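Given the coordinates of chain Y, work out where chain G should sit on it, guided by the hints.
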Amino acid sequence: MARITMREAISQALWEEMERDPAVFILGEEVGVWGGSYAVTKGFYDHFGGERVRDTPIAEAGIIGAAIGAALVGQRPVAELMTINFAFSAMDHIVNEAAKFHYMFAGQFKLPLVIRTVGGGGRQLGATHSQTPDAIFAHFPGLKVVAPGTPEDAKGLLKSAIRSNDPILFIEHATMYQVRGEVRDGDFTIPIGQSKIQRAGKDVTIISYSKGLEISTKAADELAKEGIEAEIVDLRTLRPLDMEPVFESFQKTNRAVVVEEGWKSFGIGSEIASRIYEECFDYIDAPIQRVAQDEVPLPYNRTLEQAALPQPEDVIAAVKVVL
Amino acid sequence: MAETITMPKLGFDMAEGTLVRWVRNEGENINKGDVLAEIETDKATVEVESSVGGVVRKLLVDAGAVVPIGAAIAIIGSADEKIDEPKAVSAQPSTKAEIAPQVPPKAAPIVQSIVVPQMGPVKASPLAKKMARDTKVDLSRVQGTGPGGRIVRKDIENILSAGPTISRANIPAYQPEIQTTPTDETIGMTKLRQAIARRMTESKTTVPHFYVSHEFKMDAVMVLRKQLNEYLPDNEKLSVNDFIVKAVALALREFPNLNASFADDKVIHHGAINVGVAVSVENGLLTVVSRNTDQQPLRRISVEVKRMAAGAREGKVRPGDIEGSTFSISNLGMYDVENFAAIINPPEAAILAVGSAREVPVVENGELKAGWRMKATISVDHRVSDGAKAAQFMQALAKYLEEPLRLLV
Chain Y
1 MARITMREAI SQALWEEMER DPAVFILGEE VGVWGGSYAV TKGFYDHFGG
51 ERVRDTPIAE AGIIGAAIGA ALVGQRPVAE LMTINFAFSA MDHIVNEAAK
101 FHYMFAGQFK LPLVIRTVGG GGRQLGATHS QTPDAIFAHF PGLKVVAPGT
151 PEDAKGLLKS AIRSNDPILF IEHATMYQVR GEVRDGDFTI PIGQSKIQRA
201 GKDVTIISYS KGLEISTKAA DELAKEGIEA EIVDLRTLRP LDMEPVFESF
251 QKTNRAVVVE EGWKSFGIGS EIASRIYEEC FDYIDAPIQR VAQDEVPLPY
301 NRTLEQAALP QPEDVIAAVK VVL
Chain G
1 MAETITMPKL GFDMAEGTLV RWVRNEGENI NKGDVLAEIE TDKATVEVES
51 SVGGVVRKLL VDAGAVVPIG AAIAIIGSAD EKIDEPKAVS AQPSTKAEIA
101 PQVPPKAAPI VQSIVVPQMG PVKASPLAKK MARDTKVDLS RVQGTGPGGR
151 IVRKDIENIL SAGPTISRAN IPAYQPEIQT TPTDETIGMT KLRQAIARRM
201 TESKTTVPHF YVSHEFKMDA VMVLRKQLNE YLPDNEKLSV NDFIVKAVAL
251 ALREFPNLNA SFADDKVIHH GAINVGVAVS VENGLLTVVS RNTDQQPLRR
301 ISVEVKRMAA GAREGKVRPG DIEGSTFSIS NLGMYDVENF AAIINPPEAA
351 ILAVGSAREV PVVENGELKA GWRMKATISV DHRVSDGAKA AQFMQALAKY
401 LEEPLRLLV
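Protein chains in written order, with this note's numbering: chain Y, 1 to 323; chain G, 1 to 409.
None of these hints come from the bench; they were simulated from the model.
These figures come from a predicted structure and were not determined experimentally.
Just so it is clear, CB atoms sit at the ideal spot from N, CA and C, and this is done for glycine as well.
Among these hints, one or two may not hold up.
Derived pair list, reagent style DSBU-like, types lysine-lysine, alpha-carbon separation capped at 30 angstroms [what the hints assert, rightly or not]:
id	chain 1	residue 1	chain 2	residue 2
1	Y	K252	G	K154
2	Y	K225	G	K154
3	G	K375	Y	K320
4	Y	K320	Y	K196
5	Y	K264	G	K389
6	Y	K196	Y	K159
7	Y	K196	G	K82
8	G	K129	Y	K202
In silico negatives: residues of chain G with every beta carbon more than 12 angstroms from chain Y [to be verified]:
id	residue
9	R24
10	G64
11	I69
12	L160
13	S261
14	D264
15	R291
DEER-style ranges, computed between Cβ atoms [stated by the list, open to error]:
id	chain 1	residue 1	chain 2	residue 2	range
16	G	E26	Y	A200	39 to 47 angstroms
17	Y	A224	G	Y231	56 to 64 angstroms
18	G	E28	Y	Q178	44 to 52 angstroms
19	G	D34	Y	D242	37 to 45 angstroms
20	Y	H139	G	A263	51 to 59 angstroms
21	Y	A61	G	N29	57 to 65 angstroms
22	G	D34	Y	N96	53 to 61 angstroms
23	Y	E19	G	G53	37 to 45 angstroms
Here chain Y stands alone, though its shape is the one from the complex:
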């Protein structure tokens, strides 16, 4: 066990997989000589060389298009989009090509593609660079969407993603690279598509992922002081979505709060709540609550930005509504 940061965990996963399999290579803006906008690939260029750590022009459609082509002919590209906001420039390649080739060509092609990208707000990057559009990408069958909330999950899930033959969008949170956590030693993977109980409790189920996990954990710490035991389910993967731990927890607590950083409308919370209503109707004791970002373009002003983003106090208030 080592206590390392999210950045180190992701970096280790990439490094180990590139060492293990020569087909794995990285491409993206500033990933090479500069070492990555978030310094995840620092040192990679010197070690693996410019063939396997490729700097690209500022052209997201080009990055993903090239990565898809490489994947189709047997390489295992890990494409980096500097932020998920820029994925919109590559939307056609992501949802019309990556997500559909395997299906439309009757399985003749595999698409072992990982798109690493950075989502979320809270760093005063303005409305166009701070979004959390995870639900949009999770909408498309054919694309797997992974969004870890702990360093260990980040490492294990990224290694699984690189070894997978499916196109995967791997969303890292902009404010979590410094978060530290215990990470298993050695070579390990964590299966994609498995939710996890991150904290046991009996009074209410909080369902979240990524940054929401950190917010929910802070809220649960506060609630514990009042004797309220919250159980936290970390989705970890948005598609395929593993609801079993959620259902099991909900059947025990009968109350749920879903926490996400994106907007509430048509969001992750809506999806989770609907599935609970469909599967656990007779176990519902209070209307499921959704905690999410205020429905505004995220403000630049720090105070306003924090006010618009979901906070532990919002989670606590939502829990008290359902209790």
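For chain G alone, coordinates are given in the frame of chain Y:
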């Protein structure tokens, strides 16, 4: 986050409510589910619960004010947060508020206060409903402590762990001597009393009533009722009134102009036969409505009327339970009444006032014997129908009551 509490909508036609009394004052702590105020609608006085916990920061209306539904009445928040005050609703001085000090304190009412602040079906979480099904708890007897009076898991668990409880009325202390002659008491009109006053005055002053009485032979009904009740559980025993309701519905099918409404230059014959049954409630009466009564089996009519009557007495009727009757029955039989005449419930064309079924001496074929008889009087709007029709209706009704097996087929 401060929360605004608004005037709830307690019936589909409710437009406003009178804020009778604030139970909590500004600055007091309140838990979610605690009673914040009492409000009065046309139909009942109900308690409004706080949907959140916190401190009562601001009461936006004065006691006695008439408030439209949805208007803010109070703000609940934390003790120190800044709150935005919505525009306050100014208090309209009401007679009730003015005369209030003259009303002497009363003994605690025997009737349990109504906690469910809505007229719809019993509100319970899906889990509470399932638990109630599994454990055979009657949800209509459970007081919900969730938001808006919703019955939640905890309420069922409490019932199951406590077992049945008996509430007893407070008995006023014995007073050894008469002190003074009681003074006059001025009683404010409740919304329900006002509605009754308005509608009955309208009916009696604008609708030309005439009355036809008839004595019905009830021997067969009494025998059949006894036989049928042997097969029915205690809470589903048929009453004499159930037979009358069904018989009236079938007779109305033959007399469409008594299942009708006067509408200025025309008369509407209603397609549906919806028989209203007057139910005495505290300080007034309500008419609960059996729908498509002519097509309903007797047992269902009985169960439905019982359910709606119980709801009406507890102030928990659904709007659909008291709207849309096409003919009404007022039965005072349980009070040993020989005969009486009722005022038509507009816009209906007629109402049947039913006395007690009693065992009396009767002459049949020249012989004196004991028999069951019941008198009833129909009041009819003369603009719509005439005496002969009303008399024929009573004969048709007699046919069903004297051969009550017709009511079962």
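Could you work out which of the previously given hints the structure breaks and list their numbers from low to high?
As far as the earlier hints go, 3, 5, 7 and 23 are violated by this structure, in ascending order.
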